[in-house]
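Participant: Listed below, chain by chain, are the residues.
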Amino acid sequence: MTDFSVGERPIPEPDEASRPFFDATLRGELLLQHCGACGRWMWPAKVRCIECLADGLEWTPASGRATLYSYTLVHQLVHPGFKDEMPYNLALVDLEEGVRTHSSIVGVAADELRVGMPLSVVFVPASEHIAIPMFEPG
Amino acid sequence: MPFWSGSRGPVMMTAVGVRGSAAIVGLGITEMGKVYGKSATGFAADAIALALADAGLTKADVDGLLIHSNASTEMNPMLQMSLGFTDLTLINAMSAFGSTSGGMIHYAAAAIEAGQAEVVVLVYADAPLKPAGSAGASYARPRGATGMGGLYGTYGLFGANHGYAMAARRHMELFGTTSEQFGAIAVAQREWALMNDKAQMRTPLTLEEHQDSRWICEPLHLYDCCLVSNGAVAFVLTSPERARSLRQPPVYVLGVGQCAPGDSGRADRDPAIHTGATASGRQAMGTAGVTLADVDVLELYDCYTYTVLVTLEDYGFCGKGEGGAFVEDGKLRPGGSLPCNTGGGQLSSFYMWGFTPLSEAVLQARGTAGERQVPKHDVVLVSGNGGILNYHSTVVLSPCEPS
Chain A
91 MTDFSVGERP
101 IPEPDEASRP
111 FFDATLRGEL
121 LLQHCGACGR
131 WMWPAKVRCI
141 ECLADGLEWT
151 PASGRATLYS
161 YTLVHQLVHP
171 GFKDEMPYNL
181 ALVDLEEGVR
191 THSSIVGVAA
201 DELRVGMPLS
211 VVFVPASEHI
221 AIPMFEPG
Chain B
344 MPFWSGSRGP
354 VMMTAVGVRG
364 SAAIVGLGIT
374 EMGKVYGKSA
384 TGFAADAIAL
394 ALADAGLTKA
404 DVDGLLIHSN
414 ASTEMNPMLQ
424 MSLGFTDLTL
434 INAMSAFGST
444 SGGMIHYAAA
454 AIEAGQAEVV
464 VLVYADAPLK
474 PAGSAGASYA
484 RPRGATGMGG
494 LYGTYGLFGA
504 NHGYAMAARR
514 HMELFGTTSE
524 QFGAIAVAQR
534 EWALMNDKAQ
544 MRTPLTLEEH
554 QDSRWICEPL
564 HLYDCCLVSN
574 GAVAFVLTSP
584 ERARSLRQPP
594 VYVLGVGQCA
604 PGDSGRADRD
614 PAIHTGATAS
624 GRQAMGTAGV
634 TLADVDVLEL
644 YDCYTYTVLV
654 TLEDYGFCGK
664 GEGGAFVEDG
674 KLRPGGSLPC
684 NTGGGQLSSF
694 YMWGFTPLSE
704 AVLQARGTAG
714 ERQVPKHDVV
724 LVSGNGGILN
734 YHSTVVLSPC
744 EPS
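Chains A and B are the protein sequences, given in the same order.
Sequential numbering from 91 applies to the first sequence in my numbering.
Sequential numbering from 344 applies to the second sequence in my numbering.
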């Protein structure tokens, strides 16, 4: 586990569509929408399957295993909540389930980031309602 | 016999064509950059007036108006009312992000060919720069914080720089591409900009200065990123028949292509490396009946240096992964073997999305680009790109009337 803190970063307010996802983060569980009709996994929340347009996507536990698609070190301060961690990393990670998503990589020095490195999900507490899924090496 | 002097290959009609069905006959470019005191609508009016005067037409001749939807809220169909156009038979505000320019040319040419409109004005205008604000903050905005979309803010994703930086980083790690190779693109374009009196950047740029410029998002330095500009560009298109009697040498639309891969969120695709340029370029060049060997001038969408590099690869000028080595010998510079972004592009002249490369393409095709004119300009290849490499358009222009 990581001792990373979201600090003053902005955090989301769950809405009806995302509540199952955020509730699961408090249990340390990564839920993704899964299409029972064609098997495609999705993240972030979609209204219908992006593969076959089927309705009735189910929130389903995912492995939490991923690889690093790419990353950047951001030197441009847009939101003041990042001012104490400049430059910060922003990444695209490929989940084992075939989903690519943005995230932050924690527990690693910037110069150790490598495209293709294996990653595992961690949940960083952010409020009494949500934890933020991020990824660490391994 | 080919209709121009190049080595034309077999004509492959791979796309529904607009080949030569319309010509660009008017071009208007306003003052560019830190020009204050005018709204997007004001700049649009200036550019349209310049473009009509350039063509030798008047407002009363216009029966089609296509508006480039961009970051400005003023660029919507109501612009017709603001500018007082009446009885139009073609009107739309169009958006496919930075690739919109090609789609607008495509729609205008098809409408002219179909008889839906005879004189069509295309306009891009924006005024994001404010006297007190930073250029970098003009388009980067914190996103809303509700639902899973709110996670983007927590991860620190604001604006387009981050996505292109990650694309460039992946290319570097997969193929060994270097920041100096990206720099070669920036340096070449600055050399072109020195010959363009509309360019915002009019001092020379060395590779060392590129390398020493501050990071925006690693691996992108400041000089890997485009400018932000207040201003407008407008075009006038009409039929080849009417074009022949107008003031300027017609620039014919030989081919148009579009491709939007829609890769976002699918880990089985590689959108940072393989873009829509491949399919879009094939369509446009196929319709035009030209091959890469025929291309005299390139005007490639350059929101970032990396966009130029990956577009060169996907159009097939070099192999996948070879873009860095391809550009580092300076072939894109003035006097090089593949003149590219000959007005300085969006990195060094001005940032009007796809209307920047398109406007320079018209000047080059006419042969009126002055000091920076490329001697042979029979085939000009133009690209548009947007949405972090997810939207692409291609236009092939020529001063030679199709046979």
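Hint data in this document are derived by calculation from the structure and do not stem from the laboratory.
Treat the hints with care, since some could be wrong.
[Unchecked claim] Straight-line distance between alpha carbons at most 30 Å, and here's what the computed BS3-like set of lysine-lysine pairs gives: (1) B/402 - B/377; (2) A/173 - B/377; (3) A/173 - B/473; (4) B/674 - B/719; (5) B/674 - B/663; (6) B/377 - B/473.
[Stated by the list, open to error] Covered by chain B, per the in silico footprint, the following chain A stretches (three or more residues, Cβ under 8 Å): (7) 117-129; (8) 134-140; (9) 143-153; (10) 156-170; (11) 194-206.
Computed from a predicted model, the values in this text were never measured in an experiment.
For each residue, glycine too, the CB sits at the ideal point set by N, CA and C.
Participant: Compare the structure with each hint and give your call.
Facilitator: Checked hints:
no.: 1; hint: B/402 - B/377; verdict: holds (28 Å)
no.: 2; hint: A/173 - B/377; verdict: holds (28 Å)
no.: 3; hint: A/173 - B/473; verdict: holds (24 Å)
no.: 4; hint: B/674 - B/719; verdict: holds (15 Å)
no.: 5; hint: B/674 - B/663; verdict: holds (18 Å)
no.: 6; hint: B/377 - B/473; verdict: holds (8 Å)
no.: 7; hint: 117-129; verdict: violated (count 0)
no.: 8; hint: 134-140; verdict: holds (count 3)
no.: 9; hint: 143-153; verdict: violated (count 0)
no.: 10; hint: 156-170; verdict: holds (count 10)
no.: 11; hint: 194-206; verdict: holds (count 4)
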